[in-house]
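Asks: Chains A and B, in that order, are what the protein sequence lines are. Residue numbers for the first sequence follow the numbering used here, so the first one is 1 and each next one is one higher. Residue numbers for the second sequence follow the numbering used here, so the first one is 1001 and each next one is one higher.
Don't take every hint at face value.
[What the hints assert, rightly or not] Derived DEER-like restraints, expressed as beta-carbon distance ranges:
#1 B:1010 x A:19: 40 to 48 Å
#2 A:260 x B:1010: 36 to 44 Å
#3 A:265 x B:1250: 29 to 37 Å
#4 A:198 x B:1333: 30 to 38 Å
[Said to hold, decoys possible] Below, simulated DSBU-like cross-link-like pairs (lysine-lysine); rule was C-alpha separation at most 35 Å, straight line:
#5 A:183 x B:1442
#6 B:1362 x B:1254
#7 B:1441 x A:183
The set of hints was computed from the structure by calculation and includes no laboratory data. Ideal Cβ positions, reconstructed from N, Cα and C, are used throughout, including at glycine.
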Amino acid sequence: MQSRLIFKVLGFLIIMFSVSMLPPLFIGWYDKDGTLQVFLQSWGGLLLLGALMWLPNRRQSDELRIRDGFLIVVLFWLVLALSGAVPFILSEDPQMSIVDAVFESMSGLTTTGATVLTGLDHLPRSILYYRQQIQWLGGMGIIVLAVAIAPVLGVGGMQLFRAETPGPMKNNKLTPRITETAKALWLVYFGLTVLAATLYFAAGMSLFDAIGHSFSTMATGGFSTHDASIAYFNSPLIEGLVMLFMLLAGINFSLHYLAIHRRSLRHYFFDSEVKAYLLILFVLSLITISLLIYKGTFSETTSAIRYGLFQVITTVTSTGFTAHSLNYWPGVLPVLLIIGSFVGGCAGSTAGGMKVIRVELLLRQGRREIDRLLHPSAVLPIKLNKRPVPDSVINAVWGFFALYVASFVSLSLLMMVSGSDIVTAFSAIAATLNNLGPGLGEVADNYRSISDPGKWILSFTMLLGRLELFSLLVVLTPAFWKR
Amino acid sequence: MKIIILGAGQVGTSITEILSREAGGDITLVDIDEARLSLLQNRFDIRTVHGHASHPDVLREAGCDDAELILAVTNSDETNIVACRTAAFLFHTPKKIARIRATQYFAENSSFIEKGLGVDHIISPEQIVTTELQRLIERPGALQVLDFANGRIQLVAIKAYNDGPLVGHHLRELKVHLSSIETRVVAIYRQGQAIMPDGNTVIEENDEVFFIAATEHIRAVMSEMRKLDKPVHTIMLAGAGNIGFRLAEALEQKNYKVKLIEHNPERANEVSKHLKRTIVLIGDAADEELLKMENIDGMDVFCAITNDDEANILSAMLAKQLGARRVMSIVNRTAYADLIERTMIDIAYSPKQATIGSVLPKFRTGALEAVHSLRLGTAEAIEAIALDDKSSKVVGRSIDEIPLPKGTIIGAILRDDEVIIPHHDTVIVDKDHVILFVQEKKHINEVVALFQVSAFFI
C-alpha cells in the first residue's frame, strides 16, 4: 500500500469537495438565515484537512496500483460521507445528532434519498439546497468528476473510474482517454440537468425547486425540498416531466453521449439493455395500473394511470419520489415495486439496483439451461447486442448476484437484531441496498424512528449498494491487507 | 491526435505503450485477440476494439471517421494495405502508415504505394533492423550506430577499454589527440548512471561513451576509446528468416565471407537459390559439432537472429566459447537485454527499439527528421530542422542562448551538406539540421517544442 500516494489523492479529492460548500454558503449569505457560519466553517475545515493531506505528499508520482485504487475509492466515500455530514452537525436548524447527519449525508451521496428529516418546508434554503447538491454530486460520481477535470490521477484514473461506475462491463470506453470519457459523461449529465431545471421552471416550479429537483431527478436520488415530495406540486405536467427525466437518468449515459455526438437516436433502439429496461417498466406499469383500477383505489381511471406510472418509474429507477402515498394502495403493489427496484436502471446510469443488464444476463443464462436440456450438444453462446458475452462477465454476474442476495439477507437479519420489525427490516435494507429511498412499514416516509445502530447499518448498506458490493467488500477481506 | 493502431503485436504494443504515456496521443487499438486487448486496456489509458482490422465496420467503430492517423501493423501485409485503402476511401483519414514486409511491393514506381495502395508511409522494420545490424557488424567495437542527415553524421555508442589512448584522460585531451577531427561526446554512462560530460570528465574503463561525428571520422574517434579490432572478413549468421536472409544478401554484396545456418531444410533451399556467394548450412545453430566443422574459431562475427530469444542467446554464448571473435544476438525482451549485458555476448540488439525509432518521428509534430531510442528507450536522439520565422526559439541564437532542458546536448549540425560540430558560440541559421541527444525522454516534448514553428506561418 502506498500510503503517501493515497493521502495525496484523498487530499486532492477533499479539496475539490470543499468547493461544493460555496453555493450553499452563498445562499446562506443571501437569505441571512444564520447558516453562513455553518458553511464557512465546513468549507474552511475541509480545505484545511485536504491541504494537510495533499501538501506534504504532492510530489508523490508513482502510479496507482490495483489495491490503492480500491482503498482510495472506499476511503474517499467514507471521508466524503463524514465531511458531507459536517454542515448538518454544525447547523442549529435542523438540530441533528452525528448518526443522523452521517445517515443523511450518506443517503444523499449514494443517491438513496432516505431521510431522517421532517418539516423540510421550514428548513433554511441553504441546507435544503445542500442536500440536493450532494445527491447530484454523488449521482455521476465525484471521483469520475475528479478524473474529468484533473489529470493528476494519471493511469490509475481508470482504476478509480471503474470502481465507481456501475455495471458488469466496464471496459467499454467512449473515447481513448479516460479523462475525455469522464468529461463526456459529466457534460451529458450536466446538460440533462440544466434541461430538466429549465423545463421544471417552465412547468411552474419556483427557480429554487426547479434546480433542486433537477439535481435529485438526474441523480435518481429522490431528495425533495418538500415533505410531500412531488405531490406538493400536484401538477400532471410536472409529474410527466419528472417521469421523463427519471427515465433518461436510468439509461446508460454512454448512449446519451452517442445520441448527442452522432445526432441520432438509433443507439437507443438497438441496445438490448434499453429494450429490456423499457419492457420491464411497461410490464410493471401494466400490472400496477390494472390492479389499481381493479381494486378501485382511485375513483378515476386517469388518476390510476397517472400515479401508477409515476410510482413504477420512480421506484424501478431507484429515485424514490412520491406523487401519491403508497400507504393507501393494495398491499401487494408496494412489495412488487420494491422487488422491481432490485432490477434498477441500466448499467452506466445513475440508477441503483442490480442493473437491468445483469438481470437480463441471469435470465438468459436460465433460459440457456432449459434449451440445453432440449439440445444437449448445442453450442449456446449468450449474446448481447449480437455479440457473445465472455464467460468471465457471466461468472462475475453470478458472483455479484450471490453476494447481493447474501448481503440483503444477512443485513436484514442484522436490522431485526437492531430492533426493527420484519417488514421494516427487509424493506429498509432493500431500499438502501438498491439506493431507492423510501421503504415499507416504519420507513415508508422517513427513517426517523430507526434506532441508532440501525442507522449505521443502513448507512453501510447504502455505500455497499452504490459501490456495487465488490469495491467495498474487497477492502474488507483479509487477503486485501496481506502483501 | 486521434490515432488508430491496427494489430496489437510487438510493434503495435510498443508504440501504444510509448504514445499512451504522452499527452495528446489518443489511441484506439484494434486486434482480433480479445484477451490480449483486455490485458493492454488494463495497462494503458487507451480504447480497444475487437475485430478484423480491415473491415469497414470495425474501423468505423474504432472511430476512423475523425482519426488523424492510422497505423496498420498487423501480421499480414495484405490486411494492412486493405485497411489503409478502406480508411482512405471511406473515411478520408489524412495519414496512413502501414507495415509492409514483402519487398515486391516497393519494386514498382514510387506513386504505386501512395496512389495504388493508399499508404502514405511504409514502415519496414525488417529493413531497418537489417541495416542497423549491418552497420554494427561493419563497425567492430560499437554498441549502437545511428545514422543522421542521410548518413552524413553518425551517433555511436562504444564501451571504453584500457587500451584506448583517451581512457584515463580528460575529455578535452581528445582535441590534442585528434587535431584535425571534430567530434562531440554527448553522454557517458558509468555503471548505468548518466554523467553529463564536460572537458574535465575523465573516461574510465567500461564507460559507455556516446559521441557524434561526421561519418568518415567515426573510426578515428572510436580508436581513442579502445584498440580497434581487425576489420571484419568472415561472418556467420544463425537463422535465415526475413532479417537473416536480407542481412546475408547485403553482406555478400560487400564481399564479406558469409555463412548462414538455418535449421529448416526447405527454407535453407529457398534462401540458397537467391544468394550468390553465401554458404547456406542446414543445421542447428547450437550444434557444437557443426560450428566446429565450419571453423567457428575463425569467424570475426557470429550473429544469432532467429525468432527465439533463448536460442539466440545460447547459441551466441556457445559461439563465443568456441572461439568466435565477436558475438551478437537479437533479443526482443527488454528484460533479457539487460541481463545479458553482463555475459560474454558482446552486443545484444533489440529490434523493438529500432522499429519504434523509425515510427516515432511520424507521430511527433514539429520539424523532425529522425528520432532514435537509445539505452532501452530511456534516452532519445533526434534530428530536427530549424526553420526561420519570427517566433523561432533557435534560429539566430547561439547554442548558449537556446533554453535546452537539462541533460540535452546539441551534438552536430548539418548546414548545406557541411557537418559542423558546434561550440557554445555557434549560431544556428535557417534550415540547419540539428542533431540533439536527450538524456531523459521526459524532456523530449520540450525539445520538440523549441523547433516548432508557430501556427501562423504554416
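Asks: Next, verify each hint and record whether it holds.
Replies: Outcome of the hint check:
Evaluation of the 40 to 48 Å hint for residue 1010 of chain B and residue 19 of chain A yields a pass: the beta carbon distance comes to about 46 Å. Our hint of 36 to 44 Å for residue 260 of chain A and residue 1010 of chain B holds, since their Cβ atoms are close to 39 Å apart. Between residue 265 of chain A and residue 1250 of chain B the C-beta distance comes to about 60 Å, which lies outside the given range of 29 to 37 Å. Taking the beta carbon of each, residue 198 of chain A and residue 1333 of chain B are about 59 Å apart, not inside 30 to 38 Å as hinted.
Restraint check for residue 183 of chain A and residue 1442 of chain B: satisfied, since their Cα atoms lie roughly 26 Å apart, inside the 35 Å limit. With a CA separation close to 32 Å, the supplied pair residue 1362 of chain B and residue 1254 of chain B stays within the 35 Å bound. Under the criterion of a C-alpha separation no larger than 35 Å, the hint pairing residue 1441 of chain B with residue 183 of chain A is consistent with the structure, at around 29 Å.
Hints 3, 4 from the earlier list are contradicted by this structure; the remaining hints agree with it.
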